[in-house]
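S.K.: Here are the chains, one letter per residue:
There are 2 protein chains.
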Amino acid sequence: MTNSWERRYSRRAKANTGSAIRALLKLTEQPEFISLAGGLPAPESFPIAEIAAAADTVLHEHGAAVLQYSATEGYRPLRELVAQRVSTTTHQLTAENVLITSGSQQALDLLGKVFIDSGDKVIVESPTYLAALQAWNAYEAHYLAAPMDEAGLDPAQLAPLFAQDPKFLYCVPNFQNPTGVTMTLERRQQLVALGAAHQLPLIEDDPYGSLRFEEDALPSLLALADPDDLGVIQLSTISKTLAPGLRVGWIIGPPELISRVALAKQGTDLHTGSLDQAIVHHLIATGFVEHHLPSIVARYRERRDVMLAALNEHFPASTSWTHPTGGMFVWVTLPAEVDATELLSAAIEQGVAFVPGGPFHPDGSGRNTMRLNFSNASPERIATGIARLGNALREF
Amino acid sequence: MTNSWERRYSRRAKANTGSAIRALLKLTEQPEFISLAGGLPAPESFPIAEIAAAADTVLHEHGAAVLQYSATEGYRPLRELVAQRVSTTTHQLTAENVLITSGSQQALDLLGKVFIDSGDKVIVESPTYLAALQAWNAYEAHYLAAPMDEAGLDPAQLAPLFAQDPKFLYCVPNFQNPTGVTMTLERRQQLVALGAAHQLPLIEDDPYGSLRFEEDALPSLLALADPDDLGVIQLSTISKTLAPGLRVGWIIGPPELISRVALAKQGTDLHTGSLDQAIVHHLIATGFVEHHLPSIVARYRERRDVMLAALNEHFPASTSWTHPTGGMFVWVTLPAEVDATELLSAAIEQGVAFVPGGPFHPDGSGRNTMRLNFSNASPERIATGIARLGNALREF
Numbered sequence: 001m002t003n004s005w006e007r008r009y010s011r012r013a014k015a016n017t018g019s020a021i022r023a024l025l026k027l028t029e030q031p032e033f034i035s036l037a038g039g040l041p042a043p044e045s046f047p048i049a050e051i052a053a054a055a056d057t058v059l060h061e062h063g064a065a066v067l068q069y070s071a072t073e074g075y076r077p078l079r080e081l082v083a084q085r086v087s088t089t090t091h092q093l094t095a096e097n098v099l100i101t102s103g104s105q106q107a108l109d110l111l112g113k114v115f116i117d118s119g120d121k122v123i124v125e126s127p128t129y130l131a132a133l134q135a136w137n138a139y140e141a142h143y144l145a146a147p148m149d150e151a152g153l154d155p156a157q158l159a160p161l162f163a164q165d166p167k168f169l170y171c172v173p174n175f176q177n178p179t180g181v182t183m184t185l186e187r188r189q190q191l192v193a194l195g196a197a198h199q200l201p202l203i204e205d206d207p208y209g210s211l212r213f214e215e216d217a218l219p220s221l222l223a224l225a226d227p228d229d230l231g232v233i234q235l236s237t238i239s240k241t242l243a244p245g246l247r248v249g250w251i252i253g254p255p256e257l258i259s260r261v262a263l264a265k266q267g268t269d270l271h272t273g274s275l276d277q278a279i280v281h282h283l284i285a286t287g288f289v290e291h292h293l294p295s296i297v298a299r300y301r302e303r304r305d306v307m308l309a310a311l312n313e314h315f316p317a318s319t320s321w322t323h324p325t326g327g328m329f330v331w332v333t334l335p336a337e338v339d340a341t342e343l344l345s346a347a348i349e350q351g352v353a354f355v356p357g358g359p360f361h362p363d364g365s366g367r368n369t370m371r372l373n374f375s376n377a378s379p380e381r382i383a384t385g386i387a388r389l390g391n392a393l394r395e396f
Numbered sequence: 001m002t003n004s005w006e007r008r009y010s011r012r013a014k015a016n017t018g019s020a021i022r023a024l025l026k027l028t029e030q031p032e033f034i035s036l037a038g039g040l041p042a043p044e045s046f047p048i049a050e051i052a053a054a055a056d057t058v059l060h061e062h063g064a065a066v067l068q069y070s071a072t073e074g075y076r077p078l079r080e081l082v083a084q085r086v087s088t089t090t091h092q093l094t095a096e097n098v099l100i101t102s103g104s105q106q107a108l109d110l111l112g113k114v115f116i117d118s119g120d121k122v123i124v125e126s127p128t129y130l131a132a133l134q135a136w137n138a139y140e141a142h143y144l145a146a147p148m149d150e151a152g153l154d155p156a157q158l159a160p161l162f163a164q165d166p167k168f169l170y171c172v173p174n175f176q177n178p179t180g181v182t183m184t185l186e187r188r189q190q191l192v193a194l195g196a197a198h199q200l201p202l203i204e205d206d207p208y209g210s211l212r213f214e215e216d217a218l219p220s221l222l223a224l225a226d227p228d229d230l231g232v233i234q235l236s237t238i239s240k241t242l243a244p245g246l247r248v249g250w251i252i253g254p255p256e257l258i259s260r261v262a263l264a265k266q267g268t269d270l271h272t273g274s275l276d277q278a279i280v281h282h283l284i285a286t287g288f289v290e291h292h293l294p295s296i297v298a299r300y301r302e303r304r305d306v307m308l309a310a311l312n313e314h315f316p317a318s319t320s321w322t323h324p325t326g327g328m329f330v331w332v333t334l335p336a337e338v339d340a341t342e343l344l345s346a347a348i349e350q351g352v353a354f355v356p357g358g359p360f361h362p363d364g365s366g367r368n369t370m371r372l373n374f375s376n377a378s379p380e381r382i383a384t385g386i387a388r389l390g391n392a393l394r395e396f
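Residue numbers (my numbering), protein chains in the order written: chain A, 1 to 396; chain B, 1 to 396.
No lab work stands behind these hints: they were computed from the structure. Check each hint, because a few of them may be wrong.
Any copy will do: because identical chains look the same in the list, a pair fits if it lies in one copy or spans two.
[Claimed, not checked] Pairs of lysine to aspartate or glutamate residues, derived as DMTMM-like cross-links and limited to a Cα-Cα distance of at most 20 Å, are as follows:
1. Lys-14 - Glu-256
2. Lys-14 - Glu-395
3. Lys-121 - Glu-395
4. Lys-14 - Asp-165
5. Lys-121 - Glu-44
6. Lys-121 - Glu-349
7. Lys-14 - Asp-149
8. Lys-14 - Glu-140
9. Lys-121 - Glu-6
10. Lys-121 - Asp-56
11. Lys-14 - Glu-214
12. Lys-121 - Asp-165
13. Lys-121 - Glu-342
14. Lys-121 - Glu-337
15. Lys-121 - Glu-61
16. Lys-121 - Asp-228
17. Lys-14 - Glu-186
18. Lys-14 - Asp-117
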């Protein structure tokens with residue numbers, strides 16, 4: 001069989017040969033190694049005892065339901081709770097606006113399945129969330145790169161992209177992955193108005209919105225959209241506020257779209273794990289998640305502060321970085337002549353890792369950029385890691 | 001936005017308009033109604049207390065790991081255990097041969113993603129598992145219908161299908177969904193030899209193999225394949241032996257294919273729920289699943305016997321049905337002039353439901369067939385349901 005597999009693969013499987021960087025990062029699993037590369041929450045923040053108690057409660061109270069096949073759209077009480085939490089006086093959402101997904105990554109896959117035919121165009125921020133590109137490469141999307149800066153995606157530069165009849169626009173307005181940047185209110189308003197004028201669906205991915213370290217929250221694109229003609233699809237997850245091992249995310253959108261996505265999900269994995277959904281519902285409904293959140297925020301705020309201070313101390317003046325007000329990532333721009341992938345090899349020798357920024361760019365730019373994660377490592381390890389990285393950079 | 005959604009959907013989303021039958025079956029949720037339509041396990045068989053205890057154990061022993069992001073390929077101890085259970089003296093499999101999926105349905109989706117480009121041909125049994133067709137419709141597969149009879153898929157009739165350069169052949173050799181039929185040993189041997197001669201991958205879906213009521217198990221296609229040049233991809237799940245609400249299934253195949261599928265899964269849902277995987281691992285490793293299985297088998301055997309006896313008593317001589325030796329389904333062939341979808345409306349008025357057989361046929365045949373499930377309803381309700389269905393049929 002051996003030589004017959006390759007010729008039978010689909011175009012998308014042949015195109016997706018995996019990441020050399022991922023292979024490189026597998027070298028970094030020794031304990032003395034400091035990885036700032038991943039996007040993992042702090043395991044110290046997982047409320048293990050509360051999750052165990054919730055599992056016990058939902059199994060003893062609704063065991064037969066929690067262990068049976070269940071609705072593709074998701075556990076109805078959880079859908080209702082999600083709808084209720086995003087509803088406002090102007091935007092009254094119901095369970096019909098919500099579909100539960102197997103983590104937020106599945107939301108990206110299902111939207112690809114529902115919208116993208118081979119060669120279809122989609123607008124993404126440049127740089128954008130790498131795993132969104134991975135999800136949509138499977139549907140042979142063609143990316144239109146929307147420029148962004150420290151104020152987020154710039155709507156003033158979208159006209160030539162909107163003119164190319166894209167299927168949707170995808171963005172991460174709060175504490176973006178990879179840059180940590182937050183889109184300003186003015187730009188949010190402009191973007192929503194543009195979307196409505198062009199009847200272009202906007203996908204607002206918001207996994208990090210609750211991880212806010214300072215100031216008040218800005219209104220979401222969903223909250224700014226016309227409630228009677230909803231053109232915004234909002235994605236979120238409990239991966240950052242509870243635990244990613246429970247694979248629970250959701251899509252919020254108009255009921256007509258939610259029904260379409262449910263048809264796609266039915267053939268994809270039937271439904272999201274019922275026990276995971278019931279645990280998540282229990283921990284939101286009892287108020288635990290809200291009560292638990294400030295401790296995560298305090299932890300990540302401290303780690304961000306440590307990282308920014310260490311960057312100031314150890315990085316040369318020729319580099320610059322973002323100052324995220326929440327989330328999990330800082331984005332560094334190196335001198336134009338530095339290739340971050342080459343720097344990574346040198347950094348690994350110093351015992352520290354990051355993710356080179358190039359792959360986050362749909363247009364192949366960004367070779368001199370890198371993403372640093374501050375949520376997973378302890379403050380001491382972040383400080384040491386940045387010092388090592390500064391060394392690697394100076395010697396490079 | 002309202003009128004702009006439709007025009008933005010992908011071809012596959014537009015083609016998948018949902019099932020009128022599924023809508024009809026939504027009428028059947030009142031308690032006095034008897035549904036023989038679904039494919040649900042008996043909820044009385046769910047080991048609620050043992051699953052709750054396992055959740056508690058794995059969370060207290062490995063909480064941080066069980067709640068964190070984890071490997072796309074699956075929880076390594078579970079992969080090892082699955083490999084060990086299918087290994088024989090001739091076929092030594094390891095974790096590298098196994099990828100854990102979010103239920104068996106996801107295995108179908110991922111194999112579609114990895115193998116099928118628009119218009120590609122795949123061979124399926126006629127009739128075949130409906131949800132496999134749903135999964136692969138998303139990749140715009142073209143189906144080649146392989147004839148089957150009471151001895152299963154007939155390899156003698158495959159030559160004209162093999163000649164059309166299909167990507168793979170898909171079959172359910174044990175207690176097939178929808179027919180309940182089991183492929184004979186001779187045909188298994190012929191099929192494996194044919195697959196090897198044509199270098200055509202065989203997908204062996206085996207969700208029901210453990211639900212065996214009589215006689216010894218036949219060797220799987222995987223066990224019959226050349227261990228040095230594995231051309232069989234085997235799928236299975238814990239949905240029928242433990243609980244489907246825990247979404248845990250797996251793909252067994254050559255390591256090269258498993259790596260490809262892992263790349264596809266990464267963009268699809270990152271990984272399968274870590275808590276679910278750890279619970280399943282615990283309950284297999286401690287021997288509980290093996291200990292629990294005979295009680296499920298005894299329960300389903302009794303229900304099958306009740307259904308076959310009731311069919312004998314209440315169905316006219318012009319009908320015939322299969323005599324499954326395991327699994328969850330009986331398949332009925334009605335007189336050629338009866339349309340089972342029309343009969344379903346009459347049956348629902350009598351307070352009983354089944355699934356018409358037409359949609360299981362990739363070639364549009366089978367209008368006079370139906371699938372009956374015996375795993376979910378109690379023996380009393382099965383007997384009453386078949387009596388009602390006999391009435392509906394006589395009055396039709």
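S.K.: Confirm or reject each hint.
M.R.: Now for the hints, and whether the structure bears them out:
Proximity of Lys-14 and Glu-256 under a CA criterion of 20 Å is satisfied inter-copy only: 13 Å between copies versus 34 Å inside one chain copy. Taking identical chains as interchangeable, the C-alpha atoms of Lys-14 and Glu-395 are never at most 20 Å apart, the minima being 38 Å within one chain and 56 Å between chains. In the homo-oligomer, the alpha carbons of Lys-121 and Glu-395 never lie at most 20 Å apart, since the shortest distance is 42 Å inside one protomer and 56 Å across protomers. In this homomeric assembly, Lys-14 and Asp-165 come within 20 Å of each other (Cα to Cα) only across copies, at 18 Å, whereas the closest approach inside a single copy is 28 Å.
Proximity of Lys-121 and Glu-44 under a CA criterion of 20 Å is satisfied in neither setting, with 41 Å inside one chain copy and 50 Å between copies. For the homomeric pair Lys-121 and Glu-349, neither the shortest alpha-carbon distance inside one copy (40 Å) nor that between copies (49 Å) is at most 20 Å. Taking CA atoms no more than 20 Å apart as the test, Lys-14 paired with Asp-149 passes in neither setting, with 34 Å inside one copy and 37 Å between copies. Taking the closest pair of Cα atoms, Lys-14 and Glu-140 come within 20 Å of each other both inside a single copy (12 Å) and across two copies (18 Å).
Taking the shortest Cα distances, Lys-121 and Glu-6 sit within 20 Å of each other only across copies (16 Å), while inside one copy they are farther apart (28 Å). Taking identical chains as interchangeable, the C-alpha atoms of Lys-121 and Asp-56 are never at most 20 Å apart, the minima being 46 Å within one chain and 47 Å between chains. In this homomeric assembly, Lys-14 and Glu-214 never come within 20 Å of each other (Cα to Cα): the closest approach is 45 Å inside a single copy and 44 Å across copies. Taking the closest pair of Cα atoms, Lys-121 and Asp-165 come within 20 Å of each other only inside a single copy of the chain (7 Å); across copies the shortest separation is 32 Å, beyond that limit.
With identical chains, the CA atoms of Lys-121 and Glu-342 are never at most 20 Å apart, being 32 Å at best within one copy and 44 Å at best between copies. For a Cα distance limit of 20 Å, the shortest separation of Lys-121 from Glu-337 qualifies neither inside one copy, at 31 Å, nor across copies, at 49 Å. When the C-alpha separation of Lys-121 and Glu-61 is checked against a cutoff of 20 Å, the pair qualifies neither within a copy, at 48 Å, nor between copies, at 47 Å. Taking identical chains as interchangeable, the C-alpha atoms of Lys-121 and Asp-228 are never at most 20 Å apart, the minima being 27 Å within one chain and 44 Å between chains.
Taking the shortest Cα distances, Lys-14 and Glu-186 never come within 20 Å of each other, neither inside one copy (42 Å) nor across copies (36 Å). In the homo-oligomer, the alpha carbons of Lys-14 and Asp-117 lie at most 20 Å apart both inside one protomer (18 Å) and across protomers (11 Å), since each shortest distance falls under that limit.
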